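There are 2 protein chains.
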Amino acid sequence: MKQVNGVDIEKLSETMNAIRGNPDIAKFNFRATNKWLGGGHNRTTINEFDGACSMHNRAISFVIDEDEPPVLLGQDQGANPVEYALTALAGCLTTSLVYHASAMGIKIDEVESTLEGNLDIRGFLGLSEGIRNGYNGIQVAFKIKSDAPKEQLQELVDIAKKRSPVFDIVSNPTPISVRLDN
Amino acid sequence: MKQVNGVDIEKLSETMNAIRGNPDIAKFNFRATNKWLGGGHNRTTINEFDGACSMHNRAISFVIDEDEPPVLLGQDQGANPVEYALTALAGCLTTSLVYHASAMGIKIDEVESTLEGNLDIRGFLGLSEGIRNGYNGIQVAFKIKSDAPKEQLQELVDIAKKRSPVFDIVSNPTPISVRLDN
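Note that the protein sequences, when read in sequence, are chains S and G. According to this note's numbering, the first sequence is numbered sequentially starting from 1. According to this note's numbering, the second sequence is numbered sequentially starting from 1.
FYI, nobody ran anything at the bench for these hints, they're computed from the structure. Keep in mind it's a predicted model, so treat the numbers as computed, not measured. Hints should not be assumed to be uniformly reliable.
Note that identical chains are pooled: a pair holds if it fits in a single copy or bridges any two copies.
[Unchecked claim] In silico DSS-like cross-links for lysine-lysine, where the CA-CA straight-line distance does not exceed 25 angstroms: (1) LYS35 x LYS161; (2) LYS2 x LYS35; (3) LYS35 x LYS150; (4) LYS11 x LYS161; (5) LYS107 x LYS35.
Working from the sequences, and respecting the hints, build out all of it.
Below, the structure written as structure tokens:
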């Protein structure tokens, strides 16, 4: 097993070759279930998914609590949903950066990022129709430790933006259907 | 304190009146920091935020691990970033539904939702330029227990879509700037 940055690049290369032979291997279906626990508190459970032409079950489900802080009428029993949106974006940009660095043979020592987003809750509250409900913008700042030259690290940041699934989900329209199954 | 569905509707009403008097109270800035831990594993920390004209610190930070499953070259040390995107959406639609139900005086007994999203990793891998990196679509299904008539529950689902910040972030373009601070 040959690893770069903790990523098995032989398996990565094999996966890419397998997908070139059979594009169905690239198809994934991810899932979540959520249960309301009262007020702003709810709990998401993540486990199985479909991908690479088979179903995958984790040994233990991931259980994720979400709540609002007191100023937003919650009790801080978890980060809030818009903070989880930043979490998803941070993790995805980082993984995209590291995996592509690994594929390119660039050794990375450390990656840190800080994210922030501005949101005006008049949208959520329905107090002003001209104001959007979500973030009006998200700023991400990376710090990367590596022996690679700065131009190459900037290139990796650009590749992360170009390839990250969550960057795409947030920055471009993603169709969502919502139905009531009562 | 008058609560409906665990939401303090007196405080909600006071907040809305305060915002009508001073729209700056509606402005929030949420933050996250992320640190890469090797391979597909990274950790997001959430704590302080600005909102309602002051800075807020939680007593304990929320620490959120993200990883990939083995089929995506990780070790399952946390849900993956696109699963956190579903988590954010699930929590936000649920909270939007419950808060607006509370404001309307509609009592809710249970809310459950299931989410799924399809994603073709040829986008992430750069194997096919015609395929998007993120979800090509997300399906959300709600089940709600309440004495309210089904038409009113459908109306609540529609309000959740109309008001949810994360629904907006995912379904509409959200500008993201990414910089390298080396």
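Checked hints:
Proximity of LYS35 and LYS161 under a CA criterion of 25 angstroms is satisfied inter-copy only: 17 angstroms between copies versus 32 angstroms inside one chain copy. In the homo-oligomer, the alpha carbons of LYS2 and LYS35 lie at most 25 angstroms apart only across protomers (23 angstroms), although the nearest pairing inside one protomer, at 42 angstroms, exceeds that limit. In this assembly of identical chains, LYS35 and LYS150 lie within 25 angstroms of each other by CA distance solely across copies; the values are 19 angstroms between and 45 angstroms within a copy. In this assembly of identical chains, the alpha carbons of LYS11 and LYS161 lie at most 25 angstroms apart only when taken from the same copy (23 angstroms versus 40 angstroms across copies).
For a Cα distance limit of 25 angstroms, the shortest separation of LYS107 from LYS35 across copies, 16 angstroms, qualifies, whereas the shortest one inside one copy, 42 angstroms, does not.
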